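Asks: Listed below are the residues making up each chain.
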Amino acid sequence: MARFIVEVMLKPEILDSQGQAVARALPRLGFEGVTQVRQGKRFEIEVDGPADEAATERVRKMAETLLANPVIETFELRAE
Amino acid sequence: MSARVGVITFPGSLDDRDAARAVRLADAEPVSLWHAEGDLLGVDAVILPGGFSYGDYLRAGAIARFAPLMEKLVAAARDGLPVLGICNGFQVLCESHLLPGALTRNTGLHFVCRAQRLRIENAETAWTTDYEEGQEVVIPVKNMDGCYVADPETLDELESSGRIVARYLDVNPNGSLNDIAGICNEAGNVVGLMPHPEHAVEALTGTSTEGLGFFTSVVKKLVAA
Numbered sequence: 396m397a398r399f400i401v402e403v404m405l406k407p408e409i410l411d412s413q414g415q416a417v418a419r420a421l422p423r424l425g426f427e428g429v430t431q432v433r434q435g436k437r438f439e440i441e442v443d444g445p446a447d448e449a450a451t452e453r454v455r456k457m458a459e460t461l462l463a464n465p466v467i468e469t470f471e472l473r474a475e
Numbered sequence: 255m256s257a258r259v260g261v262i263t264f265p266g267s268l269d270d271r272d273a274a275r276a277v278r279l280a281d282a283e284p285v286s287l288w289h290a291e292g293d294l295l296g297v298d299a300v301i302l303p304g305g306f307s308y309g310d311y312l313r314a315g316a317i318a319r320f321a322p323l324m325e326k327l328v329a330a331a332r333d334g335l336p337v338l339g340i341c342n343g344f345q346v347l348c349e350s351h352l353l354p355g356a357l358t359r360n361t362g363l364h365f366v367c368r369a370q371r372l373r374i375e376n377a378e379t380a381w382t383t384d385y386e387e388g389q390e391v392v393i394p395v396k397n398m399d400g401c402y403v404a405d406p407e408t409l410d411e412l413e414s415s416g417r418i419v420a421r422y423l424d425v426n427p428n429g430s431l432n433d434i435a436g437i438c439n440e441a442g443n444v445v446g447l448m449p450h451p452e453h454a455v456e457a458l459t460g461t462s463t464e465g466l467g468f469f470t471s472v473v474k475k476l477v478a479a
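If you're matching them up, the sequences are chains A and B in order. Each residue of the first sequence is one higher than the one before, starting from 396 at the first, in the numbering used here. Each residue of the second sequence is one higher than the one before, starting from 255 at the first, in the numbering used here.
No lab work stands behind these hints: they were computed from the structure. Bear in mind that the values here come from a model prediction, so they are computed numbers and not experimental data. Don't be surprised by glycine CBs; every beta carbon is placed ideally from N, CA and C. Keep in mind that the hints are not guaranteed to be accurate.
[Stated by the list, open to error] A short, non-exhaustive set of chain B residues, derived as facing chain A with CB atoms under 7 angstroms:
#1 R313
#2 A356
#3 R359
#4 T361
#5 L363
#6 V366
[Stated by the list, open to error] A few chain B residues that don't get close to chain A, going by computed Cβ distances all over 10 angstroms:
#7 S256
#8 P265
#9 D293
#10 F320
#11 T358
#12 E390
#13 V392
#14 T459
[Said to hold, decoys possible] Distance windows between CB atoms, simulated:
#15 V477(B) / E471(A): 51 to 61 angstroms
#16 S414(B) / E402(A): 31 to 41 angstroms
#17 V477(B) / D443(A): 34 to 44 angstroms
#18 E283(B) / D443(A): 42 to 52 angstroms
#19 G334(B) / K456(A): 56 to 66 angstroms
#20 P465(A) / D333(B): 22 to 32 angstroms
#21 L423(B) / A416(A): 24 to 34 angstroms
Could you build the full structure based on these sequences and the hints that come with them?
Replies: Set out below in structure tokens:
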């Protein structure tokens with residue numbers, strides 16, 4: 396069995412209003428010095444077989460098709 | 255024979271009945287379509303209603319896009335079938351790439367529900383010919399993920415080719431770029447709209463009856479065809 400991590404983030408030019416809200420909340424809780432927060436999603440995907448190139452390509456296709464919306468998001472993929 | 259307008263119900267759709275009612279008030283026959291079916295039943299136009307298909311899991315509209323009926327709908331829309339996506343339906347149309355751009359979380363992070371003044375910017379789409387360009391109408395808006403975003407090139411193209419269908423007036427309820435409330439595809443048969451015209455079709459329950467024009471527009475077009 397192979398395990399992949401896909402992390403999806405809003406593109407830098409897309410306003411991340413949720414990340415901004417978190418950033419604004421942190422100083423109120425006493426966490427000083429936070430200059431930016433960006434919020435994203437992390438997917439842990441397990442597939443049959445080894446973490447070879449074919450499996451990586453399949454997970455990449457999943458990320459492009461469903462996990463991320465390429466209009467507003469980017470993703471990073473790695474085997475774990 | 256009256257025009258037959260399909261309304262697709264996904265798990266989590268909320269406004270399918272109101273959309274069907276609006277179709278009936280526009281003197282057409284509403285046809286209920288279930289997302290898991292593979293047949294559009296020969297309808298003359300389709301409405302994707304508001305709501306929270308699949309609980310808005312992953313992204314609003316992201317999972318509904320892959321419903322079996324959506325494959326049929328995407329092909330039919332590309333062949334000219336009139337399609338109106340309202341709110342969640344607009345999100346599904348963007349996720350399906352029938353319309354450019356995407357709808358993200360309201361910049362104020364609150365669910366917004368209010369009577370919204372709009373300006374109809376394009377009265378030539380399949381769904382807006384009963385309005386006049388520049389006409390101002392009041393239609394309810396109610397959404398969580400209604401902030402329209404697109405890259406600058408796409409926005410320029412939408413603006414220069416007259417593909418902004420409606421724009422928010424007075425207050426921008428969700429932070430949409432260029433105050434965009436609705437857009438259409440190049441052919442004008444596919445329209446996505448964040449406000450809810452199906453909630454403004456009767457004096458008893460609506461803030462106005464100014465939403466009815468979206469439904470009568472398409473019905474006139476279909477009857478004339």
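Asks: All hints are to be evaluated individually against the structure, with a verdict given for each.
Replies: Hints versus structure:
no., hint, verdict
1, R313, "6 angstroms, holds"
2, A356, "5 angstroms, holds"
3, R359, "5 angstroms, holds"
4, T361, "5 angstroms, holds"
5, L363, "6 angstroms, holds"
6, V366, "13 angstroms, violated"
7, S256, "38 angstroms, holds"
8, P265, "17 angstroms, holds"
9, D293, "24 angstroms, holds"
10, F320, "7 angstroms, violated"
11, T358, "6 angstroms, violated"
12, E390, "28 angstroms, holds"
13, V392, "26 angstroms, holds"
14, T459, "32 angstroms, holds"
15, V477(B) / E471(A): 51 to 61 angstroms, "52 angstroms, holds"
16, S414(B) / E402(A): 31 to 41 angstroms, "36 angstroms, holds"
17, V477(B) / D443(A): 34 to 44 angstroms, "55 angstroms, violated"
18, E283(B) / D443(A): 42 to 52 angstroms, "49 angstroms, holds"
19, G334(B) / K456(A): 56 to 66 angstroms, "31 angstroms, violated"
20, P465(A) / D333(B): 22 to 32 angstroms, "25 angstroms, holds"
21, L423(B) / A416(A): 24 to 34 angstroms, "27 angstroms, holds"
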